[in-house]
Amino acid sequence: MTDAATLPPGRDVKPRLSRDDVMMRSWMIVIALYLVVTLVFPLYAMLSKSFSTYHFDLGQFEFQVSDDDGVFATDPVLASTLNDQLGVFGEADLRAGSDGRLPATKLFPDFSFRSSKMYRVRGTSDEAVYLVGSTRHSGTAWQELDSNTFRRVQMRPVSGTGFGNFVTYFSTPALSNSIKNSLVISTIATVLTVTLAFGFAYALNRSCLRFKGAFRIIAMAPILVPSLLPGIALVYLFGNQGMLKELLMGQSIYGPIGILIGSVFFTFPHAFLILSTALAISDARLYEAADSLKTSPWKTFWTVTIPGARYGIISATFVVFNLVITDFGLPKVIGGQFNVLAVDIYKQVIGQQNFEMGAVVSVVLLIPAVFAFAIDRIVQRRQVAQLSARSVPYEPKPQKGRDRVAMIYCSVIGVFIIGLLAICQYAALIKFWPYDLSLSLNNYQFDLMDGGGWGSYFNSIKLGLLTAIVGTGVVFFGAYLVEKANGFEMGRGFFQMVAMLPMAVPGMVLGLAYIFFFNNPANPLNAIYGTMAILVVCTVTHFYTVSHLTAVTALKQMDREFESVSASLKQPTMKLFRRVTVPVCLPALLDISIYLFVNAMTTVSAVVFLYSPKTALASIAVLNMDDAGDIAPAAAMGMMIFYTNAAARIIHLLVSRGLLTRTQAWRFR
Amino acid sequence: MKTTSKTLTIAAAAAIAATGVFAETELTVYTAFEAEDLKRYADTFNEAHPDIKINWVRDSTGIVTAKLLAEKDNPQADVVWGLAATSLLLLKSEDMLEPYAPKGVEALDPKFVDSDNPPYWVGQDAWAGAICYNTVEAEKNGLTPPTSWKDLHDPMYKGHIIMPNPNSSGTGFLDVSSWLQMFGEEAGWDYMDGLHENIARYTHSGSKPCKLAASGEIPIGISFAFRGAKSKAAGAPLEVIVPSEGVGWDMEAGGIIAGTANLEAAQTLLDFAVSTKAMEMYNVGYAIIGIPSLAKPVEHFPDGLKDALIENDFEWAANNRAAILAEWQSRYDGKSDPK
Amino acid sequence: MNALKSAPVLAHEVPAKDPYLEISDLWKLYGDFVALRDVSLKVEEGEFVCFLGPSGCGKTTLLRAIAGLDLQTRGTVIQNGQDVSNLPPSRRDFGIVFQSYALFPNLTIRKNIAYGLENAGRSKEEITVRVTELLDMVGLSEQGNKYPAQLSGGQQQRIALARAIATSPGLLLLDEPLSALDAKVRVHLRHEIKELQRKLGVTTVMVTHDQEEALSMADRIVVMNHGVIEQVGAPTEVYKNPASLFVAGFIGEMNQLEAQILSENRLRIGKHEFECRDHDFDPGTTVVAAIRPDDVVPHGSDFVPDAGAKNCELVRIGDMEFLGSFWRCHLISDDFHGAELIADFSVNAVRRLSLATRQEIHVELPRENLIAFAPEAQGGDDD
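Order-wise, the sequence lines are chains C, U and B.
When we follow this note's numbering, the leftmost residue of the first sequence carries the number 8, and every step to the right adds one.
When we follow this note's numbering, the leftmost residue of the second sequence carries the number 152, and every step to the right adds one.
When we follow this note's numbering, the leftmost residue of the third sequence carries the number 446, and every step to the right adds one.
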């Protein structure tokens, strides 16, 4: 009875678009284009960079050797011919980086720089480049050189495309070992964090613990600091001059142990938040049922609690895994010789200027991150369904033994978190650790250190504010369009997909991709390279997904018919947006702003490739001061970020409350 | 009212005139000079040339070099001033430098001038490798101070030495390249094999080992003398040791970026960079400068540093850099289990 | 003489007025699902029309197509002589009220009502006057400065109504406006809306699944099922002469008994023959004989049908439920193959005939109230 075949022939009615429809679609396209330009294009540029190879084309060079009297009697000979005869260079030798050099003399086994032979060298095409010493030559004109100068001839590689970089990567154990390291450390850190955070969330949700509010705040504190700060704290605790060095029993903190402890610290709030939500929504009726069936608490835990929270556990697992594997700051500070992928990108690009190899590592890092992201998305979709099911919240009853255990457990975790922060603050105030323990503010004289000084701190605040303002605007408006526009299903689907992408892209990868894309003179957007603008754009894009989801959730709670009513009253949609949507969603807007602000203050990974001396940032300053060995000032700056973010949070809270009472009077009867 | 507006007009006119007269040209200068020196250097330069304004773009050597190479097709810099000679050689081989012989270049030690004529770059001052030795921590661990590189092979130093990773640090590469030049390739790698046994870890930056030694995190940091002198001045119980075999060194050098729109001003700056005045300016922090006769001793700098400098073949180092780093990486980096 | 004659002729020559709203051959497909199948309908100016049907019958889809909120796949909508088939809502002339009220929560009542009056060349004073007038109209003059959340559901719905008619639209669309309210408020508001509509004379289309609401408010009811219009007619018409078994069953209650056609006005239920309304079925066809419970006429236990008594049936009274104004009786006849007959007897009749449970009585199924319908196609209602 629902066959469409009976539909009379003819064309479907095509809607005439209203001015609002056209406007909304245009803006949606504009914001989608923004995401394409700031995300898809850079990633594409990076991908193509990873396939951009350099190799020595021996057919491009021609030599001629004279006899001992300097007379050129023999014919010129191609380098490739010589190599075929001698087999000096194997295939691996001919792969190169952009800075590759191949000494010409290797092709002449009996070469002596003292001989009186003369040498001629030229390229067979205009592209052939070689160096005499460090002077660059190209072209097909012969150069005649004495043997002592010929010693200095170096052939340069030509560029091409192919899998060469990947071959090099996987055949260099020093590089590819990092894959294993990254996977192993992320897995262990994930298991540790999720377990610990589950215990914490469980204690807070399922016991009558006192000071729950305080514990909740403490658990969330690490989100306010850059991921490298716990690394610095660990140096002071467990380094060779560490206060608690003995606890490590001879093991070095520099390496996997340090990364693990630090990772637990900085990923804890993320896991805790997800697990806490998962536990909070589980149904009390199941527990009552289990109780009435006289099920043992242990069995109840495994048959009711764990299955009920399973989506939360899976989600937390992948979120933590993703955070650890893509984190750069912590292993940079405390990783020692333990190489991981994110740091490898930095080393390749900043240390060796090998952009191609940096791109290869980025591609490698992208794979597990995308994988973890995809699983997390699938799981979250299911959890939403579970959330909407009706359930009765569980109300724990006091139980002395259990509550005491919960108290001890939470206190230990709380001390761990506060301890690491306190240590940083203490170290920052010490004059010269460990020789002069008097207190001083010397470490706050950032202007005397590398990293950009106090200017970088104010830059960070500027970045935070700009990111919060611009980002909230773009994200919320984009989410509004995609949620409330009429028709245009394809465009909206595409937009949703692109908006989800940033979460899967590690910061390091994004930053590097930005270099390739924006630092290209042919790119009309080249002008923003090296400015605050590119930092804002990069940070907004980096943290787009979570903000977008927050906005969409808030918008979904709005009556779907507001737009219809507005249209029926012949009022422009933008009036509705301005007068109703934005005011009603103000709490969500504030949440997005604070999220963007805090992240802009703490992010290191994406911006480390993009800041310029004029736009140095506090988080980068922490990194660079630590890198230069100024660890105490690094801790001082890190704590400045903490206080700033904490203050921002408090202001956010006050503003939210103030706005709620003033402009949101309608919420209360 | 009237007078106010008149005054304002005059003030505005004066301000315009001032900018017009005193800052006709702006130069974008990429540098790795110490942050704290920048203002002093610019001020000294502006005393003689108030019409040229310097816009510094400062970062560590590796990053500035990376930036310059990345901008190869679209250079943003007019001048490079105070960047490692090794980096300038790299720029030269990419055809990014404009050859120019600054006025007074003859007075410079030939080591400090590019071999081509006109030179592509000129040096300003030199910094050399050295060992930072924390006397307090060494005593705690019962160590005796080393006097030579070879001494560092002694098993008593096991786990007590930190050096920079040459793959990310110019200082690290300078050390590695100097050992290979001093001891010969084979013996050089043998030396590093032995040293690796005693190394606690490799750091990313070149100054960090010395700072770690200064803070007692490690007794011995292989770093550079300048850093050690600074930490010592800051009160660290440090001894800056110049190994007897000699030390690797590099210089802070300058050159003009090919294709700059402000060639004349760039040349003026380079003239200044090799002038007597500039040398005195460098000498405040650096013991070894381009015109050796002008050098005055710098406090806390180890004696005999100048004589210990090896014959450094920058060209050889630049041309073999990729191969050396690859070899180093395969020998010492990324071992999955750190023993 | 000429002049005298011409007047009535002229009046006669005024062409029949075009309908205010004319929907022709409307189709709406969601993928393969046909939500509207070839729907045509005319609505006269000033008429109050109800779309009535179970959920999923397409009534809301039809309303949204009229509004332009969800465009039809095929077909045309002509409003006030203008083809609006593919126009966006903002270019059509209607006001709309939703079940959820969709009041702007952060704007006061006055601002909500004034919302559509802005940007239309009205001065501030004019707007204030109009808003006050509307508030009076819906009887909420005192509440103007409150927020929607501070009002009751019924009050909110009145504000939504005031907002919808503020701009004096030519067409008022009401999408289940009363469903979210509790029963008492609903009945009250029904009356109020109808009153207001009559006063304003605005053409109104209301969607509802509540037959009582439709019967009490509408000038005409459009009964829909499975995307098709089953019947259009005045409430009494639809109630008295349902066009199909679906309509018969959906509006009011209906006993449904399997029957065989004997002739154009006779049929057989179980073992007995009955006279029924005239119909077009061929003899021998299996049909459903339907009669409303309140059309069943009871006789006292002493009643003995004579030979001339038609359409009488001996039944036993099963359960009796007292429902206030009447008794609902479950009647069982041995001749109906066990099928139960439901009859609503007035309190009066029950008292007069002293009917009681387990009693055997005769009931009459009056000829004009016994209707033959084709059995419904396979399946049933979604509701």
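Don't take every hint at face value.
[Unchecked claim] Straight-line Cα separation of at most 27 Å, BS3-like style, residue types lysine-lysine; simulated pairs:
1) C:K252 to U:K428
2) C:K621 to U:K383
3) C:K577 to B:K755
4) C:K438 to U:K381
5) C:K469 to U:K223
6) B:K487 to C:K21
7) B:K556 to C:K491
8) U:K291 to U:K262
9) B:K591 to B:K556
10) C:K577 to B:K487
11) U:K447 to C:K621
Hint data in this document are derived by calculation from the structure and do not stem from the laboratory.
Model, not experiment: these values are computed from the prediction.
Note to self: With the threshold set at 27 Å, check whether the alpha-carbon distance from K438 (chain C) to K381 (chain U) stays at or below it.
What the structure shows: Given that 27 Å is the threshold and the Cα spacing comes to 16 Å, the pair holds.
Next item on the list: With a cut-off of 27 Å on the C-alpha distance, tell me whether K487 (chain B) and K21 (chain C) pass.
Entry: Roughly 23 Å between the alpha carbons, so the hint for K487 (chain B) and K21 (chain C) holds.
Notebook entry, point to check: K291 (chain U) and K262 (chain U): Cα distance at most 27 Å?
Noted result: Between K291 (chain U) and K262 (chain U) the Cα gap is close to 42 Å, so the pair fails against 27 Å, i.e. violated.
Note to self: Checking one constraint from the list: CA of K469 (chain C) to CA of K223 (chain U), max 27 Å. Satisfied?
What the structure shows: Not satisfied, since the Cα-Cα distance of roughly 30 Å exceeds 27 Å.
Check: Taking 27 Å as the top limit, are the C-alpha atoms of K621 (chain C) and K383 (chain U) close enough?
Finding: Distance ~31 Å between K621 (chain C) and K383 (chain U) Cα, so the pair is violated.
Next item on the list: Given the hint that K577 (chain C) pairs with K487 (chain B), test it: the Cα-Cα distance must not exceed 27 Å.
Entry: holds, 25 Å
Note to self: Can you confirm whether the C-alpha distance between K577 (chain C) and K755 (chain B) stays at or below 27 Å?
What the structure shows: violated, 63 Å
Item checked: 27 Å Cα cutoff - pair K447 (chain U), K621 (chain C) -> The given pair, whose Cα atoms are some 34 Å apart, is violated under the 27 Å limit.
Note to self: Hint check: K252 (chain C) vs K428 (chain U), CA-CA at most 27 Å. Holds or violated?
What the structure shows: violated, 51 Å
Margin query: Just to be careful, I want the Cα atoms of K556 (chain B) and K491 (chain C) compared with a cutoff of 27 Å; is the pair within it?
Written below: holds, 23 Å
Item checked: Hint consistency between K591 (chain B) and K556 (chain B) [alpha-carbon to alpha-carbon, up to 27 Å] -> holds, 10 Å
When held up to the earlier numbered hints, the structure conflicts with 1, 2, 3, 5, 8, 11 and fits the remainder.
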